[in-house]
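K.L.:
Spelled out, the chains give:
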Amino acid sequence: MADTPLRPQARATRDGLALGLAVGTSGLAFGAAAVTSGLSVAQTCVLSLFAYTGASQFALAAVVAGGGSLLAGTAGAVLLGSRNGLYGLRLAGLLRPRGITRLLAAHGITDESTAVALAQPGPASARAGFRATFASLYLTWNAATLAGALGAGRIGSPDSFGLDVVGPAAFLALLWPRLASGRAERGVALAGAVIAVAATPFCPPGLPVVLAAAAALGAALLPQPAAAHDPAAEAAEAHGGRPA
Amino acid sequence: MTATWIAVLVTAVSCYALKLAGLTMPPRLLAHPRAQRFASLVPVALLAALVAVDAFGRGRSLGIEPARLAGLAAAVAALALRAPFLVVIVAAAGTAAALRALGIA
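Chains as they are written, first to last, in the numbering used here: chain A, 1 to 244; chain B, 245 to 349.
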């Protein structure tokens, strides 16, 4: 059967809708994990509606669960959210939003919408892919968050459903493609993990994760070992840069 | 207003502000290679720290919880097989839940 050749815009829309639907379902896990960690249903839904960036939401919920410092938890969540600002810098020239569209487009920036938009061959299909991912992911993520938050009260122990593993598994899935993109990334990941684990007995929950940012600072200040001249690393970066 | 609400609202407003700032600022902000490098490495360090703390910590204490580690190992296996996001999550939670239900871990 011959594949009907889709126009790039139609293909971008289809890919965006499918990805948004698939990833948005994991809002169920966030809703359930957030409520079992001690957030109210309303607080859980406010995070999904207005923060709308999964890793930050899971990070804040984890600190609430651990009874940790809310200040450190918020700082960790915001630091994690800063990657969306970098996505925005890259998307600005591609989407060229103006006025009210810019305010709306900003809200739609996530790992997923950025990945779909940057994978498109031109600006028109990038805009189509971004819009489709935003729409389907936003609706699914928020509906699933509400369902998970309401359902969490009805199940017994969250650990018996493995809900305590949902957060770290989600972080791992977001981290995975970045680990593939270079040796520096793997070194920073290892250093960040060691710093955070070593600091855990001495700090309120949440703070060790913020301290791990030092690993990124250290790596950025180190003289770069000819990364720009390493064709293997460049090739890996070109092929491995698909965020989850 | 409780402290938790403040944390929720500050997180929500800051996360949106960061997105809008990125879309609004001149891209030459990232022109310096070190700034660019730091910016791209921060999420790597933070995500790895989150995984490690969730894997080995509970509150302020460190420890090994076999079912949780097995769940994360299942996530790694699913990722290595290029499974979609949701499959990775379900594999991880399902493995931990199954081991606990069987009383193995």
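There's no promise every hint is true.
[Unchecked claim] Simulated restraints on C-beta separations:
{"no.": "1", "chain 1": "A", "residue 1": "G151", "chain 2": "B", "residue 2": "I348", "range": "22 to 30 Å"}
{"no.": "2", "chain 1": "A", "residue 1": "G67", "chain 2": "B", "residue 2": "R272", "range": "40 to 48 Å"}
{"no.": "3", "chain 1": "A", "residue 1": "L221", "chain 2": "B", "residue 2": "A345", "range": "15 to 23 Å"}
{"no.": "4", "chain 1": "A", "residue 1": "L104", "chain 2": "B", "residue 2": "Q280", "range": "25 to 33 Å"}
{"no.": "5", "chain 1": "B", "residue 1": "V257", "chain 2": "A", "residue 2": "A135", "range": "31 to 39 Å"}
{"no.": "6", "chain 1": "A", "residue 1": "I100", "chain 2": "B", "residue 2": "A345", "range": "45 to 53 Å"}
{"no.": "7", "chain 1": "B", "residue 1": "A327", "chain 2": "A", "residue 2": "V194", "range": "25 to 33 Å"}
Keep in mind that the hints were calculated from the coordinates and are not lab data.
None of these values were measured; they are calculated from a predicted model.
Note that CB positions come from ideal geometry on N, CA and C, so glycine has one too.
K.L.:
Indicate, hint by hint, whether the structure satisfies it.
P.N.:
Structure-based check of all given hints:
1. The hinted window of 22 to 30 Å between A:G151 and B:I348 holds, with their beta carbons roughly 26 Å apart.
2. Against the hinted window of 40 to 48 Å, the Cβ-Cβ separation of A:G67 and B:R272 comes to about 43 Å, which satisfies the hint.
3. At roughly 48 Å, the beta carbons of A:L221 and B:A345 sit outside the given window of 15 to 23 Å.
4. A:L104 and B:Q280 have their C-beta atoms about 27 Å apart, which keeps the hinted 25 to 33 Å range intact.
5. Here the CB-CB span from B:V257 to A:A135 is close to 23 Å, at odds with the stated 31 to 39 Å.
6. For A:I100 and B:A345, the Cβ-Cβ distance of about 51 Å falls inside the hinted range of 45 to 53 Å, so the restraint holds.
7. At about 28 Å, the CB distance of B:A327 to A:V194 agrees with the hint of 25 to 33 Å.
The structure is inconsistent with the numbered hints 3 and 5, although it conforms to all the rest.
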